[in-house]
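Residue numbers (my numbering), protein chains in the order written: chain A, 65 to 329; chain B, 2 to 53; chain C, 317 to 554; chain D, 12 to 234.
Everything labelled a hint here was simulated from the structure, so no lab data went into it. Do not take every clue at face value.
Just the calculated beta-carbon pair ranges, DEER-fashion [stated by the list, open to error]:
hint	chain 1	residue 1	chain 2	residue 2	range
1	D	46	A	162	35 to 45 Å
2	D	133	A	199	25 to 35 Å
3	A	283	D	87	51 to 61 Å
4	B	36	A	163	18 to 28 Å
5	B	36	C	487	49 to 59 Å
6	B	29	A	316	35 to 45 Å
7	B	29	C	505	37 to 47 Å
8	A	320	D	213	24 to 34 Å
Not the full set, but computed from the structure, chain D residues with beta-carbon under 7 Å of chain A [as the list claims (entries may be wrong)]:
hint	residue
9	176
10	187
11	215
12	217
In silico lysine to any residue, SDA-like type, Cα no more than 20 Å apart, as pairs [as the list claims (entries may be wrong)]:
hint	chain 1	residue 1	chain 2	residue 2
13	C	455	C	416
14	C	455	C	388
15	C	455	C	422
16	C	455	C	407
17	C	455	D	14
18	C	455	D	28
19	C	455	D	25
20	C	455	D	84
21	C	455	C	418
22	C	455	C	443
23	C	455	C	475
24	C	455	C	415
25	C	455	C	445
26	C	455	D	29
27	C	455	D	13
28	C	455	D	31
29	C	455	D	126
Glycine included, every Cβ here is placed at the ideal spot set by N, Cα and C.
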Amino acid sequence: MTTIAPPADPRLAEGAPATGPDGSARLRATLWTLGVLGAVSTGATVWLGIWVTPPDKVQGNLVRLVYLHPGVAWVALYLAFGLAALASLLYLWPRTRSLVWDRLAAAAVEVGVVFTACTLISGSIWGRPTWGVWWAWDARLTSTAVLLVLFLGYLALRRVPAEPHVRARRSAFAALFAAVDVPIVHFSVLWWRTLHQGATVLNPTLSPEIHGSMAWTLLLGIVALTVDFAWMLVVRYRIGLLEDRLGAEELDRAIDARRAEGGAA
Amino acid sequence: MNYVVAGYSITLGILFVYAVSLGFRRRRLARAVAAVEAARAPVTPPDPRSPQ
Amino acid sequence: MAPAAPVPAPALFLRGAVALSGRFPLLAGVDLEVAPGEVVLVEGPNGAGKTSLLRVCAGLVPLASGTVRVLGGDPADVRTGVRRRIGLLGHASHLYDDLTVAENLRFAVRAAGAPVDGIGPACERVGLVGRLLRTPAGKLSAGQRRRVALAALVARRPELWLLDEPHAGLDASARGVLGVLVAEAAAAGSTVVVASHEPELVAPLATRAVTVAGGRVVADRATPRPVSTAGTGVADVA
Amino acid sequence: MWRDALLVGGKDLRIEARSRVALAQIAPFGMIVLVLFAFALGPDQSPLVHAAPGLFWVAVLFSTVLAVQRSVAVEAGDATRDGLRLAGLDPAGIFLGKAAAVGAQLLVLQAVLAAGVLLLFGARVVHPWLLLGTCLAGAVGLAASGTLYGALSAGVRLRETLLPFLLLPVVAPVLLAGTRLWQSSLAGGAPDAGASWMRLLLVFDAVYVALGVVVFGPLTEAA
């Protein structure tokens, strides 16, 4: 009973029909709803963002990117890497130590890296017409780039084969070092030179200069991207779980082979 | 205006491609785990609706 | 085989110990208990897991599952300071090539918090004298390096000796010295675990022989001890 | 802990004195980097003087990577990394000892490179104490973060390429702060936000020294 995916977003086809080894019905249900919710809300954001909302007095149509760029940035910088840092901390804390946190951190970092790449790309595309340059040495852009490199380092460190707990511990430290370093990089770059206008989204007044319907679209954009992030996070976590299960299976077989090596003992 | 279209299409394009890749990775791994578990002594009778 | 007297806390206790190297199981469920003062010979084919067993007891390799207690503490946990009371003589002798023998020894002994004056006598016993003490470790032969590691072990006076094929690379006189040192350590109440492919060198001293295969202990039998442990049946010091 | 730190630091420095890698190899490397920069920026004096602080700190950063790799390599021979753990040394002590050793070597390297920059690029020093303070704070920060990332990548096979990739983005703030502070301490520099930069540098130092002391134990256990 494969669901016929609406043409807009085949992500729905992903709902694996049978209860294969990966996933109780509950998991498939959540994945399915997250997928639909994500696809619909993202579609709506695009539709509203490009056609419905009025162009801005100053920036003209360019402002339409504001529905996407801050949303992606918020997910990447605060949601994904905040989650990764938190999960790493929980793994390192002896009482709450479990590989669940390690897998969650790994999933959050990988999805976070993709979102950060999108943040940089959409940021520079927005910057090209407004500032006339693809890349500006401004505080947020640069510290985001440093963050991206730091977490590419995390993924590189993670690919080194090692015993699960050893790898988990090393990755948790790498994530914490990166998380600790981000604020420092941010401030140092901020003082160094800044072009970026005030944080349009993050300031508490939620940027009053944005017209009513634009503000709603902006919010919808953030929600849509957060749901997409959640969907990717769950799937990436499942991938981590399956990889570990595969590893455990191979381990059991390796132990049996090892014992056989020792003779009939 | 084409900057806006470019921005949207590239950003959402990357997210979409990544999402699809996640889906395929999960399916491939699910099948691999199923194969390994089936290969192990099938203690429980094999599931009639064998996984896809 | 628990003796009538209250059983002293075991110097070494392993239950279901599984240790991994990447995905490969070095140990696949080891159960072993050694009382203080025992001299245990560990035998087994190459790659059976003898070295891994000793490294786990020294706390160098964390367990994937199961428990290990050495001298009442967890060797892998640095905070317990158990490691200072453990001496491992492995294939590597942990020497800094640029430092001289004397400097290496002083570093090793002070790192373990043992008194420095134990180095001199230890060197004599192991045959490290004069010019040798001042040569950089990088210029020593493998046998000489093992003598330096042995000297460091003697100077540190650990309560648990873990010897991994100690006779390999040693000449006749050094082997004799090793035999005497092991006997003295056991007599002084230290526990000694020796993994070796030359059981006949260790047998006269050993109270027990354990066979390891496929990452597990497969045989464990007490060996008849010679009447007196000191010196008899052991090649006298050259 | 301090006893172990002195012991390990002393050991590292004695090895360094014996093998003189820092002075004989890393310092000349730094000088070559400076010379290459000079070639790149052209012979006339004005761009060089302006770029002098930046070039100095980039050369110092590269030298840090080499010094840290040397510090890690010292422990790699003959399983001495296991030896350190076997001896039951306090990991925080090991961290402080090794970081101090790297820091000392960095100070020597900085002295050599500073002389090089001032001579080759003709910069004149106005506030020598600010210059010295920056070098000191920078050396501490680089040594602490370098030793930490060195330990993180110690057990890893492709360590040579992973360490620079991990370390250099992390020490970017030291480069920024160091360059700014140097500019304000050289002639013609603008001594504007000197204080805030020094504060940032000191915060960086404090963070990575504290992190190192707390984290070095569990980190090295992982290998």
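Evaluation of the provided hints:
no., hint, in the structure
1, 46/D to 162/A: 35 to 45 Å, "violated (54 Å)"
2, 133/D to 199/A: 25 to 35 Å, "holds (32 Å)"
3, 283/A to 87/D: 51 to 61 Å, "holds (54 Å)"
4, 36/B to 163/A: 18 to 28 Å, "holds (23 Å)"
5, 36/B to 487/C: 49 to 59 Å, "holds (56 Å)"
6, 29/B to 316/A: 35 to 45 Å, "violated (21 Å)"
7, 29/B to 505/C: 37 to 47 Å, "violated (59 Å)"
8, 320/A to 213/D: 24 to 34 Å, "violated (57 Å)"
9, 176, "holds (6 Å)"
10, 187, "holds (5 Å)"
11, 215, "holds (6 Å)"
12, 217, "violated (11 Å)"
13, 455/C to 416/C, "holds (9 Å)"
14, 455/C to 388/C, "violated (39 Å)"
15, 455/C to 422/C, "holds (18 Å)"
16, 455/C to 407/C, "holds (17 Å)"
17, 455/C to 14/D, "violated (29 Å)"
18, 455/C to 28/D, "holds (18 Å)"
19, 455/C to 25/D, "holds (17 Å)"
20, 455/C to 84/D, "holds (18 Å)"
21, 455/C to 418/C, "holds (13 Å)"
22, 455/C to 443/C, "holds (17 Å)"
23, 455/C to 475/C, "violated (31 Å)"
24, 455/C to 415/C, "holds (10 Å)"
25, 455/C to 445/C, "holds (15 Å)"
26, 455/C to 29/D, "holds (14 Å)"
27, 455/C to 13/D, "violated (32 Å)"
28, 455/C to 31/D, "holds (18 Å)"
29, 455/C to 126/D, "violated (37 Å)"
Violated hints, in rising order: 1, 6, 7, 8, 12, 14, 17, 23, 27 and 29; the structure is consistent with all others.
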